[in-house]
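K.L.:
Got chain A sorted already, so can you dock chain B onto it with the hints?
The primary structure of each chain is shown beneath.
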Amino acid sequence: MSFSIKKNAEVVVVDVEGQLIVGNRQELKQKVLDELEKGEKKFLIDFSQTGYIDSSGLGVLVSLSKKIREQGGELRLANLNDDLQTLFELTKLDTLFQISDTRERALESF
Amino acid sequence: MAESRVAFDLQIPSDVEYIEGVVELARQRCRELKISPAKCSLNIPVALSEALSNAILRGNEATGGKQVRIRAIISDTDLVFEVVDEGPGFDVDECTQDCTTDENLSKEEGRGLFLMRQLMDRVESFRDKGNVVRLTLHRE
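Residue numbers (the working numbering), protein chains in the order written: chain A, 1 to 110; chain B, 1001 to 1140.
The following block holds chain A by itself, in its conformation from the complex (with noise of 0.2 Å):
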């Protein structure tokens, strides 16, 4: 499991590979919390490459999402595969994100 992070024109990329839980949250955190420091405010986290989350996962993305916003910038969501997106269904979470089906839309949205 874990996180590569690119840049793609203004919004920054980060691609979660294996799992996203509780063993690993703090990495992620820490990631995208240092790339908001440095100033960056478009963020796009991309599941393609995602196993499971877990509830603590998600409580990093909500987080996460909360201290963007905060700083001023967007966090969106692409590429949730059909577990991924029952876990966002049952949890409502679909609804608090902006989620696309691709990353090129996620991109475009911005």
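If you're looking for bench data, these hints aren't it; they were derived computationally from the structure. Accuracy of the hints is not assured; some may be wrong.
Stated by the list, open to error - Quick partial rundown of chain A residues pointing at chain B, CB under 7 Å, derived from the structure:
| # | residue |
| --- | --- |
| 1 | ILE5 |
| 2 | GLU27 |
| 3 | SER63 |
| 4 | GLY72 |
| 5 | LYS92 |
Note that the coordinates shown come from a computational prediction; the quantities given were computed from them, not determined experimentally. Even glycine gets a Cβ: it sits at the ideal position worked out from N, Cα and C.
P.N.:
Okay, now just chain B, sitting in the frame of chain A:
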């Protein structure tokens, strides 16, 4: 009465780094048993991760030296996971919050038990040589 057998029975230290390995073992067993792909990729990994994480962080308070035991029991009809920690236990009904209310939706925490109950057919907690959380999922 349906016959049941133990698919695995193991102990791990109270460290969240062990969760992914246990979950992967459970998924492998479930795939071998031809459990539906959605249950193998969503219900079982997420619910079991939550139970293990609760046991390690809340039950055992991440204390070094304490252990968490995990048993998987399979019958013709059900999959049962029992997660046992050394904590005082808790009431599943009392501790579960509805994380989908307007008030709770944007909170960082409070989704673990809710998810377990959404993804499993039954979630129970009781005392038996430790605090036991039993997750039951119907195979069909």
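K.L.:
Decide, hint by hint, whether the structure agrees.
P.N.:
Now the hints, each set against the structure:
{"no.": "1", "hint": "ILE5", "in the structure": "22 Å, violated"}
{"no.": "2", "hint": "GLU27", "in the structure": "12 Å, violated"}
{"no.": "3", "hint": "SER63", "in the structure": "5 Å, holds"}
{"no.": "4", "hint": "GLY72", "in the structure": "18 Å, violated"}
{"no.": "5", "hint": "LYS92", "in the structure": "4 Å, holds"}
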